[in-house]
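Undergrad: The letter at position 12 of the sequence shown is residue 12 when you use this note's numbering, and the numbering goes up by one with no holes.
Read the hints as simulated data drawn from the structure, not as lab findings. Wrong hints could be hidden among the right ones.
Claimed, not checked - Once the Cα atoms are required to be at most 20 Å apart in a straight line, the calculated EDC-like pairs of lysine to aspartate or glutamate come out as:
1) K80 with E101
2) K20 with E62
3) K40 with E76
4) K2 with E53
5) K20 with E76
6) K80 with E54
7) K40 with D28
8) K109 with E4
9) K80 with E62
10) K109 with E62
11) K109 with E76
12) K109 with E54
13) K24 with D61
14) K22 with E62
15) K2 with D61
16) K24 with E62
17) K24 with E76
Stated by the list, open to error - Simulated restraints on C-beta separations:
18) Q3 with D57: 36 to 44 Å
19) R67 with E112: 17 to 25 Å
20) R78 with P107: 16 to 24 Å
The C-beta atom is built at its ideal place from N, Cα and C for all residues, glycine as well.
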Amino acid sequence: QKQEMVLARKLIYSHHIIAKTKRKAIADLSREYNLGGYAKIGWPGIIIVEGEEENCDAFVDEIRTMRWQHLAVRGEERTKIFLNTDGDGTARSEEERSILEEWRRFPSKMKELG
């Protein structure tokens, strides 16, 4: 049985990222959604997230609820990964997670730059 997983990357632009509370929220949310990437602190603020598409979308939805002078998704990339699986697809197996890791281009944990 083949199952499709979509690895997504999103580039998010902000006027700035300075506040410690936002920086902590970005790190916490990326951990919660198992996303990796970079957060460039300062002016402008740039966040690049990478992980399962549903998790990237949820991350963007949550950070949009914060107060921003300007926040926009400026770029998106999707890569379809086909998995051979016997499971029902509700939970990722270790093997599926390792395949996802092989396809990543960015760090598996959020890193701050700047």
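Undergrad: Please verify whether K20 and E76 have alpha carbons no more than 20 Å apart.
TA: Roughly 26 Å separates the two Cα atoms, so the pair is violated.
Undergrad: Starting from K24, check that the Cα of D61 is at most 20 Å away, please.
TA: Roughly 17 Å separates the two Cα atoms, so the pair holds.
Undergrad: Assess, step by step, whether the Cα of K80 is no farther than 20 Å from the Cα of E62, and give holds or violated.
TA: violated (24 Å)
Undergrad: Does D61 lie within 20 Å of K2 when you go C-alpha to C-alpha?
TA: violated (29 Å)
Undergrad: Decide if the proposed pair is consistent with the structure: K24 and E62, CA atoms, cutoff 20 Å inclusive.
TA: holds (13 Å)
Undergrad: Is the straight-line distance between the alpha-carbon of K20 and that of E62 20 Å or less?
TA: Holds: K20 and E62 sit about 17 Å apart, inside 20 Å.
Undergrad: Need the status of pair K2, E53: alpha-carbon distance at most 20 Å?
TA: The given pair, whose Cα atoms are some 18 Å apart, holds under the 20 Å limit.
Undergrad: Check whether the Cα positions of K109 and E4 lie no farther apart than 20 Å.
TA: violated (23 Å)
Undergrad: For a C-alpha distance cap of 20 Å, please report whether K109 and E76 respect it.
TA: holds (19 Å)
Undergrad: Using the Cβ atoms, figure out if R78 sits within 16 to 24 Å of P107.
TA: About 19 Å separates the Cβ atoms of R78 and P107, which means 16 to 24 Å holds.
Undergrad: Between K109 and E62, does the CA-CA distance stay at or below 20 Å?
TA: holds (18 Å)
Undergrad: Are K40 and D28 close enough, with their CA atoms no more than 20 Å apart?
TA: Given that 20 Å is the threshold and the Cα spacing comes to 16 Å, the pair holds.
The structure shown violates the earlier hints numbered 5, 8, 9, 15, 17 and 18.
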